[in-house]
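Protein chains in written order, with our numbering: chain X, 1 to 169; chain A, 170 to 461.
Treat the hints with care, since some could be wrong.
With the C-beta cut set under 8 Å, the calculated list includes, among others, these residues of chain X facing chain A [to be verified]:
1. S19
2. E21
3. G22
4. R23
5. L36
6. L64
7. A65
8. G131
Straight-line Cα separation of at most 25 Å, DSS-like style, residue types lysine-lysine; simulated pairs [said to hold, decoys possible]:
9. A:K397 - A:K376
10. A:K415 - A:K455
11. A:K397 - A:K455
12. A:K407 - A:K397
13. A:K406 - A:K455
14. X:K3 - A:K376
15. A:K198 - X:K3
16. A:K442 - A:K415
17. X:K3 - A:K218
Hint data in this document are derived by calculation from the structure and do not stem from the laboratory.
All C-beta atoms, glycine included, are put in the ideal place defined by N, C-alpha and C.
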Amino acid sequence: MAKRYPVRVKVNGVEYERSVEGRRLLSDFLREDLELTGTHVGCEHGACGACTALLNGQSILSCLALAVQVDGAEILTVEGVADEAKLHPIQEAFWENHALQCGFCTPGMILSALALLKENPRPTEEEIRVGISGHICRCTGYVNIVKAIQTAAEKMAETSQTKGTVQNV
Amino acid sequence: MKPAPFDYFAPTELQEALMLLERHEDEAKILAGGQSLLPLLNMRLARPKAIIDINRITSLSYIHKDNGSLRIGGLTRHRMIENSAVIQEQCPLMTEAIQWVGHIEVRNRGTIGGSLVHADPAAELPTVVTALGGEMKLVGPRGDRTVRPEEFFVSFLTTALDSSEILAEVRLPIWPRPTGYSFQEISRRHGDFAVVAVAVLLLLNDKRECENSSIVLAGVGPTPLKAKRSEGLLTGKKVTRELMEKAGGLAAEDSDPSSDVHGSADYRREMVKVMTRRALEEALAKAMQNAK
Ligand SMILES: Cc1cc2nc3c(=O)[nH]c(=O)nc-3n(C[C@H](O)[C@H](O)[C@H](O)COP(=O)(O)OP(=O)(O)OC[C@H]3O[C@@H](n4cnc5c(N)ncnc54)[C@H](O)[C@@H]3O)c2cc1C
Ligand code: FES
Ligand code: FES
Numbered sequence: 001m002a003k004r005y006p007v008r009v010k011v012n013g014v015e016y017e018r019s020v021e022g023r024r025l026l027s028d029f030l031r032e033d034l035e036l037t038g039t040h041v042g043c044e045h046g047a048c049g050a051c052t053a054l055l056n057g058q059s060i061l062s063c064l065a066l067a068v069q070v071d072g073a074e075i076l077t078v079e080g081v082a083d084e085a086k087l088h089p090i091q092e093a094f095w096e097n098h099a100l101q102c103g104f105c106t107p108g109m110i111l112s113a114l115a116l117l118k119e120n121p122r123p124t125e126e127e128i129r130v131g132i133s134g135h136i137c138r139c140t141g142y143v144n145i146v147k148a149i150q151t152a153a154e155k156m157a158e159t160s161q162t163k164g165t166v167q168n169v
Numbered sequence: 170m171k172p173a174p175f176d177y178f179a180p181t182e183l184q185e186a187l188m189l190l191e192r193h194e195d196e197a198k199i200l201a202g203g204q205s206l207l208p209l210l211n212m213r214l215a216r217p218k219a220i221i222d223i224n225r226i227t228s229l230s231y232i233h234k235d236n237g238s239l240r241i242g243g244l245t246r247h248r249m250i251e252n253s254a255v256i257q258e259q260c261p262l263m264t265e266a267i268q269w270v271g272h273i274e275v276r277n278r279g280t281i282g283g284s285l286v287h288a289d290p291a292a293e294l295p296t297v298v299t300a301l302g303g304e305m306k307l308v309g310p311r312g313d314r315t316v317r318p319e320e321f322f323v324s325f326l327t328t329a330l331d332s333s334e335i336l337a338e339v340r341l342p343i344w345p346r347p348t349g350y351s352f353q354e355i356s357r358r359h360g361d362f363a364v365v366a367v368a369v370l371l372l373l374n375d376k377r378e379c380e381n382s383s384i385v386l387a388g389v390g391p392t393p394l395k396a397k398r399s400e401g402l403l404t405g406k407k408v409t410r411e412l413m414e415k416a417g418g419l420a421a422e423d424s425d426p427s428s429d430v431h432g433s434a435d436y437r438r439e440m441v442k443v444m445t446r447r448a449l450e451e452a453l454a455k456a457m458q459n460a461k
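So here's chain A without its partners, still in its complex pose (with noise of 0.2 Å):
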């Protein structure tokens, strides 16, 4: 249970890091919180030849807001999300849902970077920035390209980030302020990985119908799942109990859990099925609450 060996780096400037990147080729690894990869360095799961630390790159440490939207940097700890102040009032989704990864141990060091690239379909991070429509920007050695989640999550923890590429920012767009939102989550101890997980963003109309909305399942697929079909049914219409409970069944209907240890694949889609319904009914009084 230790790493094998490897030739560490600890760039201080991003231009570093690429450089090193570059070199490397793909037997480099980006080291960020640690708390993915050095469980899989113990196991020996993970062999890189280099380790390349971001952790002294403090300009990707950041969080700001402008015009209608929040900028995180890639290196941003879980905790300073956590408390932020900016964050929990532009977007009080993921104050609420980063509450539930890992402990505070897990918190003070992993990143939001780390999360999104680490790309595990039960990850909290990456549920929350797909419901919120966010973007990723990627840097490379010949640039910048910004990538929607839909794009950046291919697969179990498998992302469209090339090995040169490093994640520098997260932006999400802030979503007005009457939005109802709802983080729901089943697992199996506080702090473990998702059975299932849904973040709902619920936005009315002056009729207090749909105006738009965003369901996004976590541990059913293997990548964050957008519940599409449960969205376009709420649009335009009355939110009631019975559209809920069909928008739950559409949703179970979507996704394509598997049976593991933790639960099996028909109590995952039960569970899909009850948890949209709560999620959308807990967002629903929030946007009625907001709307007064």
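With the rest of the complex left out, here is chain X (with noise of 0.2 Å):
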């Protein structure tokens, strides 16, 4: 029996506790052991983004990481961005901009939006551009994508001035 290792995280604020083995991939244990099958998995070597997630705020590739190093940090998931009722200003802005169409891409593109607008509320479009660069979509969606993050940070920037407070991302 090969080792197993004991890894406690929470994943879209909550606590799990799992025991795995050393070369488990970190989005190998979302999708098969916590079951969270949203973050997605395409390359499995970097190339495409699909697989990223927030590791303590910053966006990381699962796929390029064990399970075992997050234990004890706090892990964002596609699953975790919306409010239990409500859709994230980003999600909204996907969906109006029709920027997804297969939808593979989709979280891994959310998820580095949302720690690219949390660093630059009001990034340009060549900011976003590179914020996304690391992300292959295999529909070329790319302009409608741009769009919807432009949006996403008007509405954003509204919703801070009208609550005069800092959207929680």
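Since each chain sits alone in its own frame, please combine them into the complex, following the hints.
Right, dumping it as structure tokens:
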């Protein structure tokens, strides 16, 4: 029997405790062990961005991290982006701007957009393009994806103004 | 596309990591950002018996400035270097070049130590560290040693690091403030490894002649290539357009690129010529600006 290692991790605000093999990829841990299949796996070598998740608030490729490494950390996957009842402004903007076709790249795009807007709430088109440059959209819908992120930035700026607080991303 | 089984260790101290390395002899691999190692594990191009994860050795992640040099811990992530005000101020060539390394997700994890030890000849950081005249501090079971880039980068994906050693620190000399610099790269898509890249530093004397220069190429040989003849050509002279053209020509002659799907050897050599000249022009413009 291969050796197993304990992992305690908070994913989308929920604490999980599991034991995993050393070689378990974070992407497989999320999908297979936690059954959070929103995180997609395209290439398993860092080339497509579909598996992007936030690790302690930073975007990372979950196919290039081991599950054991996130012991003690906080992870956000696409399942944790929406409020219980309501889509996140980025998700709404993707929907309204037809920024998804087959939807395979969408979870990764949304998480990178989230990380981008948190750091830079009013990005230029160029900055958005750089921000999603690690992602491949096989349906090639980049124009609408960029538009959606622009729309989301505007929406989030408005809500944070009316509420007087920064949108909790 | 899943790694083969391995034993996993996550030491919190450098000494502990060194002991683990020694205990496993050649069968262990250090895991830093994982952005080069994990793809190799996933594709089973590497099958180490043990993985020694150094991510919990937080004492290896820092950026310090002291007496004329910058000291960067081996585990310092690309993103931390990219966003560092000290680096931007003291070593703007690094700030410029590091933005060419992969994408944000890759830079959030990848480390300077990992990038140097991986030693891809088309990678930005080995090129920049060579151009600056940096040094690598390697720590092993029998003590430390300091290695210069010319000795450190041995060949394609091969360095002078022993399997019992860890790259603990990178030291970068701070070039005098008026130094002009440029980093130029051609890659197929933003974030890909370079087809060809060139890093240039240029320091002028008070007669506006070249006092000191450094010209290093990526993607045109098994290691970063220091274009020594081009540097020598500039020394003590006024840096004219004609001289820069000549320096570009010499750099092209001295490069030894190979052909692959991203570009033929001839294309690469031609690009070396053009980009070396362009990089010198940009560095010269900055140096002139700074001299005012
Ligand atoms: C999609 C993608 C695009 C990329 N694009 C680029 C690019 O354009 N330019 C570029 O330069 N890089 C690129 N990279 C690689 C990236 O920069 C890596 O971060 C880097 O090459 C390796 O650093 P790491 O910390 O991830 O090292 P790891 O992958 O963890 O390790 C790499 C190697 O170094 C060894 N090692 C790591 N740290 C140490 C240490 N301190 N002491 C001793 N040995 C050590 C490991 O054992 C391993 O052999 C890309 C990666 C991906 C996935
Ligand atoms: S599955 Fe991770 S980058 Fe493609
Ligand atoms: S919508 Fe199909 S891959 Fe992007």
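Violations among the numbered hints: 1, 5, 14
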